[in-house]
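Sequence order for the protein chains is H and S. Using our numbering, you'd call the opening residue of the first sequence number 1 and step up by one each time. Using our numbering, you'd call the opening residue of the second sequence number 1001 and step up by one each time.
Derived by calculation from the structure, the hints in this document are not laboratory data. None of the values given here were measured: they were computed from a predicted structure. Ideal Cβ placement from N, Cα and C applies to all residues, glycine included. Possibly wrong hints are sitting among the right ones.
As the list claims (entries may be wrong) - One-sided excerpt, in silico: chain H residues whose CB lies under 8 Å from chain S:
#1 56
#2 58
#3 60
#4 63
#5 86
#6 90
#7 92
#8 98
#9 99
#10 100
#11 110
#12 113
#13 116
#14 124
#15 128
#16 144
Each chain, letter by letter, is given below.
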Amino acid sequence: MDDDQTPPILRLEAVTKRFGAVSAVQATSLGVRPHRTTVIIGPSGSGKTTVLRLMLGLLRPDAGRVLHREVALDADGASGLRRFRAETGYVVQDGGLFPHLSATDNVTLMARHLGWTQGRIAARVTELTALVRLPGDALGRYPHQLSGGQRQRVALMRALMLDPGLLFLDEPLGALDPLVRAELQDELAEIFQRLGKSVLMVTHDLAEAAILGHVIVLMHEGRIIQQGSIDDLVRRPLSPFVTRFVRAQRRFDGARAEGRL
Amino acid sequence: MKARWAWWLAALVLVAPAAAAARPLRVGSKAFTESVILGEIATGAVRSAGVEAEHRAALGGTRLLWDSLVSGAIDVYPEYTGTIVEEILAGDGFAPGQSSAQDRDRLASALAARGVGMTAPLGFDNTYAIGVLGDRARALGVSHISDLRAHPELTFGFSNEFMSRRDGWPALRRRYDLPQANVRGLDHDLAYRALRAGTLDATDIYTTDAEIQRFGVVPLADDRGFFARYEAVVLYRVDVDRRFGPEAVAALQRLAGRIDAPTMVALNARAKIDRVPEPEVAAAFLKGQGHLSVAASRRQPWRAIAARIVEHLELVGLSLLAAILVAVPLGVLAAKRRRLGQPLLAATGAIQTIPTLALLVFMIPLFGIGTVPAVAALFLYALLPIVRNTHAGITGIPQHLRESAEALGLPPGAILRRVELPLASPLILAGIQSAAVIDVGAATLGALIGAGGLGQPIFTGIRLDDVGLVLAGAVPASLLALAVQALFELAARLVVPRALRAPKAR
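Whole structure, please, built from the sequences with the hints as guidance.
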């Protein structure tokens, strides 16, 4: 599945990040390939969210470099970082929507700051509303008046508003009930496919990673254990941990195979 | 908009002292009836000599009046020779109890070295005495101060000034070996009522107090000659001659020898017991002395209260506005720069621990007396709640919201304006609200340094034992505090984003 050898658009180069005495990420290198979805998966505390925050420039590495198109993220100071972020979209677990702004105001905040015209903003909002299938009456509501699924759709609209090349999602479906979650997994897969974005996503759910990811990166204790397709992880595990992690996530399949169900 | 207000404020602070140059001659007086009457008489005498003059009545105690005179905030005030020797020139080798013409010359030259002139004595000696109710004194068998040694169980209450004076309670106790431990400070005008109520056995009195006869108080004989003579004089800045012409000082000098002790007791009684306003008491006296009749201006009581409310609102409004302009940026700074934040919060907190009255007095050397120092003190008081709440509001924003804003690519200024300040606005507004309520209360003390406001009727009421006058200040002050509270609830509807107002319906 991953036979694409084009150079990564964004990559970590031997990055280490410590929080006090704890090394959250240790000498890790990882690339985000253009027009592909890279999913980082692993148990809690494995360092997957830290990797994503390092790549967004929200954290600075203690060692190593973060390179965007082979240029260090902080090469051009704060304004360079801001230009990079205008080319990225970011969605967190509960949306990270600003509670004092309506859905529309959340989505259009950055565009208004950049001085887009009313017409251009309205056209883009209409387009995105259709893309993420948000009911039209939800646009005027405040975050606390929306359902969990609607909040994530609005957050995705906000992330896509400036049509960024890069999309970061940190457990975007983690707080949703299973039915909404399944529905949104399918929709996200379709949206990523259609838009051709370069996506970096963090999840703890192997099925979600399998549905959305071209490349799956398994992390454990601050290190990448294995990366490749879902087939690689299931059929060609590089360590006993990979096998254990995959088994733990596939107990339903296992139980059926053993005739317990 | 914000910048323009800041300029206005700076201009106000700079212009206020300059404007003092062209003002009328300013007479001050201490916060007790006799001083206010003497201040009124001095003002009237100067006016009848054709010099424009105004009276800043009941400003405070000796230290405040003297400092105001030396700094030029006032030009004239009535004082007592004993106070000059014991308090003002303390340590300059003036033995108490002396009042020969020679001593007065030495006193005058010591004052002249400080740029202050002194008139000849006005004609009465208002010394301290220890007063006990007549019945109580007879029951205890006490007629001299040394007799008090036999009664260690007695409760003493002294005016706050007497408690701390060099020639006050501590020295008196040493001179007479007095054993009493139950001693407290209170307002001089409340002391007589406390005597009558039996909560006090003895207090410091002045020998010209109107209440001595009314309450049947007996001054105990000073058998060890402790108290100095307190001859009333008028102090004036020597530059009064140059600034207002020689008529002003000449008019003050003509008061010398014109007020003897019975006259002063009668004037005090007119004001305190018959409740005649001091300006009228003074005007009647001056008329009797053959001065041009000086009409005592008497405002309609309700108009007067309205004017006090306006003054009060001015004090609160100006100080609060300045505090908002300074404290919100400081709070943001404290939240953004952690190393600066803790010292900043500690500093504003430390200001809050200074008693209001002390803070007001600290402002006098910097800003003189009147509205400016009061506004400055209230401004300092209003800082803490606003800085603290702004800091708490900004630091309390969840990390994922701050990072979401950062990840959008918004610059720090836009994040502050569009995300952080709106999210912190309920707390910031609550901080401003408590600052406003604190200021409405604290502003009543502004009357003590000549800033007017609703404290004026309250303190005059306490001085004259007039409950109606106290209420005329206290009731509007309380209503004002309630009104401010309501106003801010209304403001919250305008400032705080709609979604942050109602409790989250989730």
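Tested hints:
1. Satisfaction of the interface hint for residue 56 (chain H) is found here, the shortest Cβ-Cβ separation to chain S being roughly 6 Å, below the 8 Å cut-off.
2. Using the Cβ-Cβ criterion of 8 Å, the hint placing residue 58 (chain H) at the interface with chain S is satisfied: the shortest such distance is roughly 5 Å.
3. Using the Cβ-Cβ criterion of 8 Å, the hint placing residue 60 (chain H) at the interface with chain S is not satisfied: the shortest such distance is roughly 13 Å.
4. The restraint placing residue 63 (chain H) at the interface with chain S is violated, with a minimum CB-CB distance near 22 Å, outside the 8 Å limit.
5. For the restraint placing residue 86 (chain H) at the interface with chain S, the shortest Cβ-Cβ distance is roughly 4 Å, inside the 8 Å limit, so the hint holds.
6. Taking 8 Å as the C-beta contact cut-off toward chain S, the hint placing residue 90 (chain H) at the interface holds, the least distance being around 4 Å.
7. Residue-level restraint check for residue 92 (chain H) holds (minimum Cβ-Cβ distance to chain S is 5 Å; threshold 8 Å).
8. Given the 8 Å rule on beta carbons, the hint for residue 98 (chain H) holds: about 6 Å separates it from the nearest Cβ of chain S.
9. Below 8 Å, beta-carbon pairs count as interface contacts, and residue 99 (chain H) has one with chain S at about 6 Å; its hint therefore holds.
10. Hint on residue 100 (chain H) holds. Least Cβ distance to chain S is approximately 4 Å, under the 8 Å limit.
11. For the restraint placing residue 110 (chain H) at the interface with chain S, the shortest Cβ-Cβ distance is roughly 5 Å, inside the 8 Å limit, so the hint holds.
12. A cut of 8 Å between beta carbons decides the hint on residue 113 (chain H): the least distance to chain S is about 5 Å, and the hint holds.
13. Here the hint on residue 116 (chain H) is broken, as its CB sits about 14 Å from the closest CB of chain S, past 8 Å.
14. Below 8 Å, beta-carbon pairs count as interface contacts, and residue 124 (chain H) has none with chain S, the closest being about 15 Å; its hint is therefore violated.
15. Among the interface hints, the one on residue 128 (chain H) is violated; its C-beta lies about 15 Å from the nearest C-beta in chain S, farther than the 8 Å criterion.
16. Given the 8 Å rule on beta carbons, the hint for residue 144 (chain H) holds: about 5 Å separates it from the nearest Cβ of chain S.
The structure fails hints 3, 4, 13, 14, 15 (numbered hints given earlier, in ascending order).
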